[in-house]
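Q: Given next are the chains, with one letter for each unit.
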Amino acid sequence: MIAPAENRGGLFTPFNIITGLILVFGGAIVVLRFAYGLGYATNLTHTTTWGLWTGFKLVFVALAASGYALTTAVYIFGMHEYHPLVRPAVLSGFMGYTLFVLILIFDLGRAWRIYYPFLVRPGVTSALFEIALCVALYYTTQFVELTPVGFEWLGWKRWRKVVVGVTVGLTVFGLFLSMLHQSTLGALFLSVPGKLHPLWYSPYIPLHFFISSAVGGISMVILVGLICKRVWGHKMEISREKLDQLTIGLGKGGAIALAIYFAVKVVDISLANKWHYLATGWGAWYLVEVLGFVLLPCLLFAYGHREKLPRLIRFTALLTVLGVILNRLNVSIVAYNWKFAIEQRYFPYWMEYVVVIFLITLGVVVFRWVAQRMPLLYDHPSYKGSH
Amino acid sequence: MSPSRRDFIKGVAAGSLAAGMARAGANKRFDGYPGRFGLLHDSTLCVGCRSCEFACNEVNQLPPPAAPIADQKIFEKVRGPTDKGYTVVNRYRKAQGNKPAVYRKHQCMHCNEPCCASVCFVNAFTKTPEGPVLYDPNVCVGCRYCVFACPYYALAYEYDDPATPRVVRCTMCYPLIKKGRNPACADACPTGAIRFGKREDLIKVARERIRKYPERYINYVFGEHDYGGTSWLTLVGLPLEQVGLPSELPYEPLPDLTTHFLSLAPIVAAIFPGLLAGFYAFTKRREAVSEQKHRQQLDDEKTRALAELEQKLIEAARLAERDKERAVERARRIAGSQTTELKPTEKKEDSQ
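As given, the protein sequences belong to chains A and B, one line each in that order.
Just so you know, the first sequence maps onto residues 1 to 387 in the working numbering.
Just so you know, the second sequence maps onto residues 1 to 352 in the working numbering.
So that you can see chain B by itself, here it is in the shape it has in the complex (with noise of 0.2 Å):
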């Protein structure tokens, strides 16, 4: 049996048919671009310069970050990527004792499976075969579902263009890489917390760190299987939602969670305009048959109330006959006793 073949079952199995169906058309699995790039922040050698910032806002030629790289203010809110800068280093714990500050950098994940671009109606995004994904601002209408969807809060929007506001992200130096260069967050960074290469490289990379220094890394790499993976991955040495990670994320794609429900629009399709019209049918034909039944109950009392009548009028024209012959009857007897009745009163007046 061809491996394609039994992902077909186990996802029949698994009870989501329309998916397992999908996963069948396609005919193969797809474990994404081979040698496709990707970039391992590991947040243990971050030191906070946010350098990267610097050098993020410079190549995509956004105005420097406001604040200065010695401001340590910046660090006592948690920020987010915003319009005016795509990546941005949060501090998670200020140094205590021998115990160093940890900071985490921050922007768009380049997932594997991404779901804005699953999310978005206009299909504005690309995942490319180099890793990055790429938005067309050409076709975007604005509806923001990629940036609502997105579960590392890493899309901005540009809320305050009225003409051509775009979805605004890290595109992981897509023209640096196709050129052959790194990404410029990741030349800037002074300690080597940012490394790029390919994704599978980085992946045994980031194994080796957390083999050979277990007390200083959790034992996961982020970014290797959550949501179906990332291109950017993340040691960390603190719990993931101590650093601002979503923690226990699912291997499956999140696209998946969408698609399953909508396979099912086309069997809707399929199934309900003769369901409905078959509840018509049957509304009519209950109409129909009490309306018969009704007649039906009408014609019956008509004819019983004419056989009655007809029954009647027999009865009374044969009551008529009687009565008639009766009376003639009696008008014969009267007229017989009459004459016999009447010689006397003639004889009478004969008298008088």
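Chain A with its partners taken away, still in its complex shape (with noise of 0.2 Å):
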């Protein structure tokens, strides 16, 4: 079976039946793209190549933000009270990795060839070059980063001692990578300046994407550390009030950054003058997502930070986190493509969205399991505040 065995209630829980029918469905569809192509599985076409799989491939690494954001905030900037969000704050930033690789694997041609770019015919020209070896460098340093919570599990504890010993050099390191990573998936789009519509193109959209996946990052912190609470309140070695606090900080971050990129948005509408596109149907949709998925919980943030609502604070990064997304699916499949007549457009296949919520669901799956099992949510007692 995959779906893991709960401690309490047995195998066929609720849980546990929704998730297997899912992953099994999803799998079985992944399986007949393999064994009949791309255009069996997908409404791909020769001028919309790139659709919704890779619209959650930038989904995906936009929302792992949360390992680089945290991490540098507890071990460069010092801010050691976030401490006990780290380990599921960088699991979640694993897991969004994972899902982009299997994503990806899914959405090549010959997914087969994967290594072709690093070991025989390097491209370095291309921006998918630079995001190829960062992210491999990068799934790797956060593989590392996780590896002391499976040592301490496993009673590895001299393996545990020497990575926890470079956990300094893993988190510069780390976002080293994902500032360049983030920075180019937006350099990806920096070619279809005739395809890409201009108040979302921009020659800043590299800044663009680095700012707003802090921003994801940053609320997928809020909203992993919120949905541990709830799950494994048991296990979760912080009280709800200090929970409530860290919150309310991390608010605050939110606040802050969403506040830089609609700065950035509104400097790239200036300086490029493109106020004239706001008054058009592609300016409606560009003032939803900006007004209402990055000034409104910028404000909220604030308010909420403000007042000390962690409630609010909690919903807003819901929104932020449904503003990234919006995002990202805007420029790579909404906004591109704009001059094509409705009959032209792409529309994704059903089996697209399924493989995209098998792959949700997987992530939500092997986070459960790792976390029920492994110190992820408590200092493991061997090691209490050792690191």
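Since the hints were made in silico from the structure, they are not lab data.
These numbers were taken from a predicted model, which means no experiment stands behind them.
A virtual CB, placed ideally from N, CA and C, is assigned to each residue, including glycine.
Keep in mind that a hint or two might mislead.
Dumping the calculated DSS-like pairs for lysine-lysine here, alpha-carbon to alpha-carbon at most 27 Å [what the hints assert, rightly or not]: (1) B:Lys73 / B:Lys99; (2) B:Lys302 / B:Lys324; (3) B:Lys84 / A:Lys339; (4) B:Lys284 / A:Lys242; (5) B:Lys198 / A:Lys252; (6) B:Lys212 / B:Lys84; (7) A:Lys339 / B:Lys77.
Take a look, some chain A residues computed to stay more than 10 Å from chain B by CB distance [to be verified]: (8) Val163; (9) Gly233; (10) Val266; (11) Trp275; (12) Leu318; (13) Leu326; (14) Val366.
Okay, the calculated beta carbon distance ranges per label pair [as the list claims (entries may be wrong)]: (15) A:Phe315 / B:Pro63: 28 to 36 Å; (16) A:Leu119 / B:Pro63: 33 to 41 Å; (17) A:Asp379 / B:Lys293: 22 to 30 Å; (18) A:Asp379 / B:Leu275: 30 to 38 Å; (19) B:Lys212 / A:Trp350: 51 to 59 Å; (20) B:Pro63 / A:Ala35: 23 to 31 Å; (21) A:Gly78 / B:Asp299: 22 to 30 Å; (22) A:Leu278 / B:Tyr251: 41 to 49 Å; (23) A:Arg240 / B:Gln311: 36 to 44 Å; (24) A:Leu287 / B:Lys198: 39 to 47 Å; (25) B:Asp299 / A:Phe143: 44 to 52 Å.
Make one complex out of these two single chains by using the hints.
A: Printed below as a string of structure tokens:
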């Protein structure tokens, strides 16, 4: 059985049955995609060759920023009170990259050649080359950052000591790699000035992607903290009051990051004098994204922080995560080929949606499996206070 | 000053230091391979017979187009190149009165600085000295960044092939021109709308036609400079956007837009580890300083408390000493008075 056994309630809990069905059904569609080709499982065309799966590659990586956001805050800037959230944040980031790698494999025409850019013929002028290199290195870095969780579980004290000793080095390396590939994912779109709507196209789009990844990362930390407390409250070391305090603090970080992001958006519209586009239908959709999912959460975070309202901050984190998803899908799908008539446009095939749901479910199941077994949410008794 | 040096300084002045450095590294400006081939498509001569489509499919070993030559229904929808046909003829205006119908052939333009080549992370594309841009399916991973980035929608992908899908497109009939022959479409065209030759000669021909028949053409040779220029040149009689071509394209090659950004990566790599280590050291120092301050405070407190205690002890000792002296004094006094007082009692007892 793919779904893990629950400590209470046996194998056939509602959670296990539902996730099990999704995983079996989604897995079958993945098999069909490899058996019959991309054309069988997707609605991709010769004019829109990057669809929902590529959109979610961007989403997964942006929301996986929770890892670098929190490790930087704790280990580089010394905000030690957030330490209890580091492991859940890094694991959720690691799961984000895992989903990215999986959906990339499903989307590549010949995935079995995935090592070609490194070993066969590197194309160093490609933004995708830099992304491939950084993601490969960062994925490894995150894995190493997580190994102490496994080592504590297995009781491998010496190995744990080695990895914990290089925590700061890993954090610096991780942030540096994240800055590069988060922004370079935006740089993918630099080469399509004629295809992407001018409101979303910008010579500064790499910067937009990096800042919004920080926004998404902070919001994911808030949500992951909440979910862990709700589901595994008895295992989580910090009290509800303490978590509320941290949430309020994170809300401040979210407000600042969103304020920067909003300012960058306004400057972008002004520099290229794109104001007149706002009066069009595309402009209305752009305003929904930038006012409803950037400015509004920025104000809500600030208000929630000032008035100490953890529930409002959690709601705002959800709004912000939805905003990051909306932005990445707007850039990669909705505003791409904006000049096309409706019948030329790409709409995802139902199998594409199923595969995305399959992957998200997989991420949740693996996270849950680790959280239930390994010292993710509490200090392992043998190593208390030693990190 | 050599031209390369001037270019370098211009590059720096333009604010794109990294790009300037890259150009300086190459040490000369590259205007493309001299004497390379091209094709001129004079769309005003095109009658929409689609002979080029049939010839193209034949030479590329594809089944012939589904719609027969006489089929006019095919023009109701604008089509693009697909994996079933690398070139297509579209109709952009129906014949009205004495105005003839307007057609244009579309295919890979074979850019001078191809974006597909610059975005490929396995270098699958090569710009040959003869002009064609070639693709190597033996290294292709199938990321389709080339299809995504092509500004002319000229690339297609074999989505229905699960095992060996390729990017497919016009090859400018590279094998034929290597043998000194014309591309198949140029030979198949019955009206002379497609002409094969050296690119520089074709530009002259195109300019000459515009000069001779200014009412027939708009004054623009599409592909001469657009995004750094293409091997296929197109003459049109209607504004570009009305025949499905992008208008007002800049002269700068499309790859430059990405290259400028990517050239920042090594600088980031050089600066960031040190910068972050600096931040870390700064945080550590602040923690150490505040720790030290804290300890200092504690020490001061302790010293003061000790001094206070000592003072108190001294005071207490002094008081004790005084009390002791007083007590002794009092005891002595009492003892003295007792002896005097006792005497009468003794006397009393004695008397009883």
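Q: The structure should be examined with respect to each hint, and the outcome stated for every one.
A: Checked hints:
1. B:Lys73 / B:Lys99: 20 Å, holds
2. B:Lys302 / B:Lys324: 31 Å, violated
3. B:Lys84 / A:Lys339: 25 Å, holds
4. B:Lys284 / A:Lys242: 25 Å, holds
5. B:Lys198 / A:Lys252: 64 Å, violated
6. B:Lys212 / B:Lys84: 39 Å, violated
7. A:Lys339 / B:Lys77: 16 Å, holds
8. Val163: 18 Å, holds
9. Gly233: 32 Å, holds
10. Val266: Non-interface label stands for A:Val266: nearest chain B Cβ at 21 Å, farther than 10 Å.
11. Trp275: Consistent with the label, A:Trp275 stays out of reach of chain B, its closest Cβ about 20 Å off (over 10 Å).
12. Leu318: 31 Å, holds
13. Leu326: 21 Å, holds
14. Val366: For A:Val366, whose nearest Cβ neighbour in chain B is about 26 Å away, the distance exceeds 10 Å, so it holds.
15. A:Phe315 / B:Pro63: 28 to 36 Å: 58 Å, violated
16. A:Leu119 / B:Pro63: 33 to 41 Å: 37 Å, holds
17. A:Asp379 / B:Lys293: 22 to 30 Å: 28 Å, holds
18. A:Asp379 / B:Leu275: 30 to 38 Å: 31 Å, holds
19. B:Lys212 / A:Trp350: 51 to 59 Å: Cβ of B:Lys212 to Cβ of A:Trp350: about 57 Å, so the range 51 to 59 Å holds.
20. B:Pro63 / A:Ala35: 23 to 31 Å: Since the Cβ atoms of B:Pro63 and A:Ala35 sit about 24 Å apart, the hinted range of 23 to 31 Å holds.
21. A:Gly78 / B:Asp299: 22 to 30 Å: 24 Å, holds
22. A:Leu278 / B:Tyr251: 41 to 49 Å: Violated, since A:Leu278 and B:Tyr251 (Cβ atoms, about 30 Å apart) do not stay within the stated range.
23. A:Arg240 / B:Gln311: 36 to 44 Å: The hinted range 36 to 44 Å is violated for A:Arg240 and B:Gln311, with Cβ atoms some 49 Å apart.
24. A:Leu287 / B:Lys198: 39 to 47 Å: Since A:Leu287 and B:Lys198 have Cβ atoms about 52 Å apart, the given range 39 to 47 Å is violated.
25. B:Asp299 / A:Phe143: 44 to 52 Å: Taking Cβ atoms as reference, B:Asp299 and A:Phe143 lie about 45 Å apart, which means the hint holds.
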